[in-house]
Every structure is written in structure tokens, then in C-alpha cells.
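Respectively, the protein sequence lines represent chains A and B. For the first sequence, the numbering used here assigns the number 1 to the initial residue and increments by one for each residue that follows. For the second sequence, the numbering used here assigns the number 1 to the initial residue and increments by one for each residue that follows.
Worth flagging that the hints you see were computed from the coordinates, not collected in a lab. Predicted model, so just to flag it, every value in this text is computed and none were measured. The beta carbon of each residue, even a glycine, is placed where N, CA and C say it ideally should be. There's no promise every hint is true.
[Stated by the list, open to error] Chain A regions said to be covered by chain B (calculated; three or more residues, Cβ under 8 Å):
no. : segment
1   : 16-27
2   : 47-54
[What the hints assert, rightly or not] Below, simulated DSS-like cross-link-like pairs (lysine-lysine); rule was C-alpha separation at most 25 Å, straight line:
no. : chain 1 : residue 1 : chain 2 : residue 2
3   : B       : Lys-159   : B       : Lys-147
4   : B       : Lys-46    : A       : Lys-70
5   : B       : Lys-43    : A       : Lys-70
6   : A       : Lys-53    : A       : Lys-81
[What the hints assert, rightly or not] Chain B side only, calculated, beta carbon under 7 Å to chain A, not exhaustive:
no. : residue
7   : Lys-46
8   : Phe-103
9   : Phe-104
10  : Pro-107
11  : Ala-108
12  : Val-111
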Amino acid sequence: MDELIYTLKQQIIEALNLEDMKPEDIDENATLFGEGLGLDSIDALELIVMMEKNYGIKLKDPTQGKEIFKSVAVMADFIAKNRTK
Amino acid sequence: MIKHQVYISPSEVLVDGIPLNHNEKDSALLTELYRNHIGDYPKFFKMDTLSKLGFIASELLLNIEGNRDFEPREDRAVIFFNRNASLQADTHYQSTIQNPENFFPSPAAFVYTLPNIVTGEIAIRNKYFGETSFMVIDDYDEKIIMKNLENAFQDPITKSIIGGWVDCSDEEHFEARIYLMEND
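For reference, chain A alone in the conformation it holds in the complex (with noise of 0.2 Å):
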């Protein structure tokens, strides 16, 4: 799990232009959006494409991203659990 944990702080970072940070930078368990990284709406949608992009996983409630985009450990498991690639 800490290598997906590892693997996934990178793609957020390239995949939202998270310049100047390193995945050491994002704390797993800090919320993405508000006030952890301060991710915006589009920024959700871009990992929704990323998580099919990467793993395979189209999700079929956009909604569910609420959930799933908690925080990098929250949406490491769901990937590990839901992955097909």
C-alpha cells in the first residue's frame, strides 16, 4: 500500500500541475480539497480521469468522488480495491 501511497502522490502532482511540490510535501491522510491542497472542482474532475487513465476504474456516480477524494489514503484504497489495471 505505501508504494501505491507513493505512486499516486506523484501522479496527482504531474496530473494537477502541483508545481514545486514533491510527494513527500502531500501528507496521505490531509484533506485534498478546501484546506488541505486546496484542489478546485476542476481539479476533481481531472483525477476522475486520471484513476481511468492509470487504473482502469470509471466511476459511475461522478458524486462518489466526495467520497473517494478525501484524502491520497482514502482514494489508494479504493484504487487497490477497485483497480483493473
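Chain A is fixed; fit chain B onto it per the hints.
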């Protein structure tokens, strides 16, 4: 009347006609200018090159004016012109949907597929609630640009304008020639 002006090309930056020192060129130049003269707006890194160019040019312009209090105002318009519209962003977005086997439309790329996004970025940054517009014309034509900018002052609300030419076809070909104008 033009109060201040900024010129940016891939290899030259002039602020009120005075060259600004830099080491980088092309789109890396814009990042260098951001780091050296702005640095407090990470949304910059998410922008397409056209928006980065317009954003940096406007920041350099407003830094000369000083008094950056970011208080909401309606009396300043943002009016730009160019030739290539949002061509670079359009091409980038197209690349995310070109291959049916690798079809992943990027929302972050899509949001920049209109040239007037750059005027919105500047208005959001500075809390401007006045006119914003972006006109696509055949080529750089100072007469057309100045005529349109002067006409914008016919609106009784508009007292000043950030306006001019902001054009980008790719990361190595761009030009901003913008002015801070006041009605007097």
C-alpha cells in the same frame, strides 16, 4: 492615455521600455518571471501558455502601478486582442482525444480552449468586475487596437483599461504588448 506598458516575447521583456533581466527564454521565461516577480499565485502553473503570458504581463504592469490592494472594482476593464485565439490550448486538448485507444479528454486542458479565459484569469486575480473582452483580429494592428481601447471609455463605468495584444501559437512563439490606460 497610456500610463505604463509591458512587452514580452520569448527572448525579451520590456517594462515601460526598460529591459528586465532574465536568463530563460520561451515558456521557461514566463515561469522565471513568475518566480522572480510574483510567486504567490500557484494557479499560474495550471494555466495554458496564453493565460500565463497575459497573466505575467498584467502582473508586471500592475506592479509598476503599485498599491496592489486587490479591492473589488468595476471601473477597470481588461480588453485583449490576438491572431491565434487559443490555438495552443486547442491543440493540446485535441491531443487528449485524438487516439480512440487512448481517449482521455482532459478537463484541465479543456477549460483553456477559449482565448478570453486569460481576461477572466486577470479579472479573478485582481477582483475586477468591469468589462472583459477578447477580440481575434487578422494581425497585429495598432490602429485597430487603440481605436477599440479608446472606444471602451465610452462606457461611463470604465475609468481605466488593461489592454493590448496577447498572442501565442506555441511555447516558443508568443508576444504580449499591453498597456495600462486611464481616461483623462
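Okay, the hints, checked on the actual structure:
1. With 5 residues having a Cβ less than 8 Å from any Cβ of chain B, the segment 16-27 of chain A passes the three-residue criterion, so the hint holds.
2. Counting residues of the segment 47-54 of chain A whose C-beta lies closer than 8 Å to any C-beta of chain B gives 3; at least three are required, and the coverage claim holds.
3. A C-alpha spacing of about 16 Å is found between Lys-159/B and Lys-147/B, which places the hinted pair at or below 25 Å, so the restraint holds.
4. Taking the CA atoms of Lys-46/B and Lys-70/A, the gap is near 22 Å; set against the 25 Å cutoff, the hint holds.
5. Among the hinted pairs, Lys-43/B with Lys-70/A is consistent with the structure: their alpha-carbon atoms are about 21 Å apart, no more than 25 Å.
6. Note on Lys-53/A and Lys-81/A: the hinted pairing holds, with a Cα-Cα distance of about 16 Å set against a maximum of 25 Å.
7. The interface hint given for Lys-46/B is met, as the beta carbon of that residue sits about 5 Å from the closest beta carbon of chain A, less than 7 Å.
8. For the restraint placing Phe-103/B at the interface with chain A, the shortest Cβ-Cβ distance is roughly 10 Å, beyond the 7 Å limit, so the hint is violated.
9. Because the beta carbon of Phe-104/B sits about 5 Å from the nearest beta carbon in chain A, less than 7 Å, this interface hint is met.
10. Of the supplied interface hints, the one on Pro-107/B holds, with its beta-carbon coming within about 4 Å of a beta-carbon of chain A, less than 7 Å.
11. This hint holds: Ala-108/B has a C-beta 5 Å from the nearest C-beta of chain A, less than the 7 Å allowed.
12. Given hint, Val-111/B at the interface with chain A, holds; its Cβ is 6 Å from that chain's nearest Cβ, closer than 7 Å.
Checked against the numbered hints above, the structure violates only hint 8.
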